[in-house]
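S.K.: Chains H and P are the protein sequences, given in the same order. Residues in the first sequence are numbered consecutively from 1, following our numbering. Residues in the second sequence are numbered consecutively from 1, following our numbering.
Please keep in mind that the hints were generated in silico from the structure rather than gathered at the bench. Using N, Cα and C, we set each Cβ at its ideal position, and we do this for glycine too. Treat the hints with caution; some may be incorrect.
Said to hold, decoys possible - Computed spacing ranges between beta-carbons, pair by pair:
(1) H/Ser5 / P/Ser42: 31 to 39 Å
(2) H/Val113 / P/Gly21: 23 to 31 Å
(3) P/Arg47 / H/Glu108: 39 to 47 Å
(4) H/Asn44 / P/Asn44: 27 to 35 Å
(5) H/Gln9 / P/Glu247: 24 to 32 Å
(6) H/Arg250 / P/Asp131: 29 to 37 Å
(7) H/Ser42 / P/Pro74: 40 to 48 Å
(8) P/Tyr19 / H/Glu108: 25 to 33 Å
(9) H/His98 / P/Gln9: 37 to 45 Å
(10) H/Arg250 / P/Arg139: 23 to 31 Å
(11) P/Gly21 / H/Glu32: 44 to 52 Å
(12) P/Asp163 / H/Gln9: 49 to 57 Å
Claimed, not checked - Which stretches of chain H does chain P cover? Using the computed rule of at least three CB atoms under 8 Å from a CB of chain P, they are:
(13) 153-164
(14) 230-244
Listed below are the residues making up each chain.
Protein chains: 2
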Amino acid sequence: MARSSLYQQVAAELRKAIYSGEFRPGDQIPTETELMDGHQVSRNTVRLALGELENEGLILRMRRRGTFVRERRPLLMRPQDELLPLGGDLPRFDAFVHAVTSEGRVAEQNIEVQIVQPPHDVATRLELVEDDALTVVRRRLRYVDGQPYNTNDSYYPLKLVADSEIVRPGNITRGANRVLEELGHPQVRFVDDISARMPTPDESTRLQLEPGTPVVVYVRVGYDPDEAPVRVAVSVLPADKHLIRYELERH
Amino acid sequence: MARSSLYQQVAAELRKAIYSGEFRPGDQIPTETELMDGHQVSRNTVRLALGELENEGLILRMRRRGTFVRERRPLLMRPQDELLPLGGDLPRFDAFVHAVTSEGRVAEQNIEVQIVQPPHDVATRLELVEDDALTVVRRRLRYVDGQPYNTNDSYYPLKLVADSEIVRPGNITRGANRVLEELGHPQVRFVDDISARMPTPDESTRLQLEPGTPVVVYVRVGYDPDEAPVRVAVSVLPADKHLIRYELERH
Chain H
1 MARSSLYQQV AAELRKAIYS GEFRPGDQIP TETELMDGHQ VSRNTVRLAL
51 GELENEGLIL RMRRRGTFVR ERRPLLMRPQ DELLPLGGDL PRFDAFVHAV
101 TSEGRVAEQN IEVQIVQPPH DVATRLELVE DDALTVVRRR LRYVDGQPYN
151 TNDSYYPLKL VADSEIVRPG NITRGANRVL EELGHPQVRF VDDISARMPT
201 PDESTRLQLE PGTPVVVYVR VGYDPDEAPV RVAVSVLPAD KHLIRYELER
251 H
Chain P
1 MARSSLYQQV AAELRKAIYS GEFRPGDQIP TETELMDGHQ VSRNTVRLAL
51 GELENEGLIL RMRRRGTFVR ERRPLLMRPQ DELLPLGGDL PRFDAFVHAV
101 TSEGRVAEQN IEVQIVQPPH DVATRLELVE DDALTVVRRR LRYVDGQPYN
151 TNDSYYPLKL VADSEIVRPG NITRGANRVL EELGHPQVRF VDDISARMPT
201 PDESTRLQLE PGTPVVVYVR VGYDPDEAPV RVAVSVLPAD KHLIRYELER
251 H
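Turn these sequences into a full structure, and let the hints steer you where they fit.
M.R.: The structure is reproduced here in structure tokens:
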């Protein structure tokens, strides 16, 4: 086992205090001078240690105000909610809006609608065999309490939805899923793929990400009763702000 | 919109080529000299662009051999498989071993068993009310084709499993879940929480992570028929090597 350097030892102790809950989210951690005295190390060593924790996304260093354990108040996403049975007359709320407002927070979203050749991965998932097959994509940038929070791009085969509200800009109050149902393509099965990666610079800018924040990429494919894929929804979820939860029961 | 610098433009073009599938995983991308000529930029600009893509985990720069689109052959994890009904006499394979071997790859794991005060988060999930309550943790470091692949730490309340095989080191052929059943605590409900973050230095070393690789943290809590939590399994999954898939049906 290689011996760790001095700054790594300081970082390790602070990290342990954060992961163990000794320092809780939002707590101010000791100042540079306090850490120098407490660990008998130089200011430079303290700064290297704090830099490491910042890169891991554990702390936020705020000019003049000090260093804080990063607030983690992740939004709880429940992908199974889209399967809940709905009362006939109830409006079909957007699952994101529902998750946010149920926490007493304010949800907003911008929607852009485009007709595009989909990325390779989306075309494969939609089983589009022709190379030039087009899709309608409804791109959402979502806000919670006024802050950009995540993006959700839902792709539909153009030939399926060309004559529907799905190609028109703006929100669909009863939800695009309902429109698919009316077109004879209710989604009766979902396949959800979850992975993570570092954001692209474009995503960092759009979602105002802190350095060292990965994104969770959550892709849902919806199938109709004939097992045809009718929708691919790609969500990009900044990892510090989201938690995905599934509940399973043994039948 | 701020104008992006020259190296960011080069990075953006390469990134687009990777995400669109023009460059596929394992492909060698053009050399520095070719990129200089192709984009009419300096070597320094090319290197900055490649450095950015490396940090995003999209490419691997290999000394003397060139630059390659990172291989992504993620292991498909199906958390629902742990719920599959099992024939009475069939051995209960470990879900990880099953996922790996079904892809024709070789799975191995090292298991260490310890009695510990659990981290705060685990204690909360196990609803351990006494501050000094102990847990047994079975820590697994898992290998695929000889490479460290992920870690899985399963915590059990000590008072529940103290007299069982779960506290003894070594593999349990029929699976720890089966032992819990025999102790009268079958897991009939699971709550799965999925999030992502940057790895700790310790995780980077243990899992031999490339720079810019986040980890997916997958936490499963298993409940017995009395709704008591009997197991918390924390998996740390390098994001470039894992894909989590759930399948849902409307009933």
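S.K.: Now tell me if each hint is right for this structure.
M.R.: The hints, checked one at a time:
1. H/Ser5 / P/Ser42: 31 to 39 Å: 35 Å, holds
2. H/Val113 / P/Gly21: 23 to 31 Å: At 24 Å between Cβs, range holds.
3. P/Arg47 / H/Glu108: 39 to 47 Å: 41 Å, holds
4. H/Asn44 / P/Asn44: 27 to 35 Å: 28 Å, holds
5. H/Gln9 / P/Glu247: 24 to 32 Å: About 46 Å separates the Cβ atoms of H/Gln9 and P/Glu247, which means 24 to 32 Å is violated.
6. H/Arg250 / P/Asp131: 29 to 37 Å: Roughly 33 Å apart at Cβ, these two residues keep to the hinted range, so it holds.
7. H/Ser42 / P/Pro74: 40 to 48 Å: 43 Å, holds
8. P/Tyr19 / H/Glu108: 25 to 33 Å: The hint (25 to 33 Å, Cβ to Cβ) holds, given that P/Tyr19 and H/Glu108 are roughly 28 Å apart.
9. H/His98 / P/Gln9: 37 to 45 Å: At 40 Å between Cβs, range holds.
10. H/Arg250 / P/Arg139: 23 to 31 Å: 26 Å, holds
11. P/Gly21 / H/Glu32: 44 to 52 Å: About 48 Å separates the Cβ atoms of P/Gly21 and H/Glu32, which means 44 to 52 Å holds.
12. P/Asp163 / H/Gln9: 49 to 57 Å: With a Cβ separation near 39 Å, P/Asp163 and H/Gln9 fall outside 49 to 57 Å, so the hint is violated.
13. 153-164: violated (count 0)
14. 230-244: holds (count 5)
The structure shown violates the earlier hints numbered 5, 12, 13.
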